[in-house]
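**Student:** Following the hints, complete the assembly by docking chain L onto the known chain Z.
First to last, the protein sequences are chains Z and L. Position 67 of the first sequence, counted from 1, bears residue number 67 in UniProt numbering, the numbering being contiguous throughout. Position 70 of the second sequence, counted from 1, bears residue number 70 in UniProt numbering, the numbering being contiguous throughout.
Since the hints were derived computationally from the structure, they do not count as laboratory data.
What follows is a set of in silico ranges between Cβ atoms, one per label pair, in the way DEER data are often shown:
(1) Tyr201/L to Arg53/Z: 50 to 58 Å
(2) Pro49/L to Gly57/Z: 40 to 48 Å
(3) Asp99/Z to Gln78/L: 56 to 64 Å
(4) Arg53/Z to Glu156/L: 22 to 30 Å
(5) Arg228/Z to Gln204/L: 50 to 58 Å
(6) Glu231/L to Asp99/Z: 28 to 36 Å
(7) Gly57/Z to Tyr201/L: 44 to 52 Å
(8) Ala86/Z to Glu210/L: 39 to 47 Å
(9) Glu29/L to Arg228/Z: 31 to 39 Å
(10) Pro102/L to Asp66/Z: 41 to 49 Å
(11) Ile59/L to Gln213/Z: 39 to 47 Å
(12) Met1/L to Asp84/Z: 23 to 31 Å
(13) Thr199/Z to Glu212/L: 51 to 59 Å
The structure presented is a predicted model; accordingly, all values stated were derived computationally and were not measured. Backbone N, C-alpha and C fix where the C-beta goes; we use that ideal spot for every residue, glycine too.
Protein chains: 2
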Amino acid sequence: MKAIVFDVFGTIVDWRSSLINQFRALEQELGIELPGEALTDQWRQHYAPSMDRVRKGEIPWTGLEDLHRESLVKLLKQHGITLDEATIDRVNHFWHQLDPWPDVQRGLQQLKERYIIATLTNGNLSLMVDVARYAKLPWDMVFCAELFQHYKPDPEVYLGACRLLRLPPEEVMLCAAHNYDLGAARALGMKTAFIPRRTEYGPQQRKDLEAEQAWDAVAEDLVALSERLIE
Amino acid sequence: MKAIVFDVFGTIVDWRSSLINQFRALEQELGIELPGEALTDQWRQHYAPSMDRVRKGEIPWTGLEDLHRESLVKLLKQHGITLDEATIDRVNHFWHQLDPWPDVQRGLQQLKERYIIATLTNGNLSLMVDVARYAKLPWDMVFCAELFQHYKPDPEVYLGACRLLRLPPEEVMLCAAHNYDLGAARALGMKTAFIPRRTEYGPQQRKDLEAEQAWDAVAEDLVALSERLIE
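This is chain Z alone, in the form it adopts within the complex (with noise of 0.2 Å):
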C-alpha cells in the first residue's frame, strides 16, 4: 500500500456544523432570520440528487459549486428568503470554510510519513484547496472529481486517481466514513479504510454508523487509523 486517498466531507470536515456556525454569524451580522440547521440540512438533501443529475447524463459536467447554487436558490425561494446575489454567493462560500474534525490533522500528518495522501472528493477543485488551506491539511495531492469529470461512485473517479498515482488499485486505499464509497473502491479493487462520524448528520444520524463490509481496516479516527497502519 503506497498511497491513501480520503473523502472530504464527513470524512475529513464536519461540514454540518461549519455551515450551521456561518448561518448562525451571518443572521447576526445581517439581523435577520435564517433557519440555518433546516437549510443546512435541506442543502445537503440536494446533494447526491444534483450530482445524479450529471451522473445519469441529464445536465452537461457541472462542477459541485455550480450544483450548490442551484439548489440554494431553490431552496431560500421554498422558504421565502430574499437576498441579494451577493450575500447568496458568501452562503455558497460557506462550503470553502469547513472546520476538520479534532483528529484530523495529527492523524493526517502521521500517515503522510509513511504514505502519500491525496483527497478524493467530489468537491470542484477551487473549492477543495480552499478547504485545505481553511483547514490546514496537509495533502500531497487534490483529486476531485473535476479532474474526471465524472462523480463519486462512478469508477472514472477512483481508477483515475490510481492512474495519475502510476499505483494499482490493490495500492491505494480509500478511507472514508460512508459505507457505499468504500463499497465502490473495493469493487475496483482498492483498499478500504473505514472512519465512523457518527455525528455528521446531527445528533439523529440512523446511516454509516458502523462498518457494513470487513473493510481492510476500522478504526474509530485518523490517529487510530495511523497507530493501525504505521506500527
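**Tutor:** Relative to chain Z, chain L alone:
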C-alpha cells in the same frame, strides 16, 4: 492576484546537481564508470524535443516519465553502457528525488500565507508528488501537463490551471526561471515573475541569465519575491 503557479524543473529544484549526485552514488555502489555529468546534460537535451513530438501530434499523449525513459535508453546505447531493466528504472527514478534551491522552502512558506501556491509543470503527476514529498514543498495543488494532456508552452496547460482555480488569468501569476515560459503565460493574460537560476544548466549556462522582458516581478530568488509581493 490570488494564486502563484510555479515551473518546477530549474525554477524550484536543481535537477542537474541532483542527477549528477545520484549518478555518482550509483557509480560507486555498482562499481562501474558512468559519465554522470555528460549523461545528465544529454538527457536534458532530449527533454524539449521529446515533448515536441507529443505537442506536434507525432505520437499520442505520453507522460514525461515515459519520455525520460525512452531518451535514457537511447543515450545509454550511444554511450555503450549496458544496465539491466531494473537499474534503468532506478536511474529514471532519479527525477523523483530532486533537491530544491536553498531559498525555496522558506520562500514558498511565506508566499503560501498570502497566495494559493501550485506547480505548473511538464512533469507527470506521480513524479511531481514524489518531488514535493522529497523536497518538502508545501503546494496547495499539483497542476501538471498530464492533467491537460498538453505540454507547456501549449496554452491548454496555463488556461487549464486558471479554469480549475476558477480565476481569470490576470489573477494568476506564473513564476519561472525561463523567459519562454513567462512569454507564453503573458500572452494568455497571466501575471509573470522571473527568478534567475544562473547555474541550472551548469557553470557554462548562457540563456535565461536575465529577464528578457519587463515581467511583472523580477527577483533574485523566492524569498526576495515574497518580500516584493508581500509588504
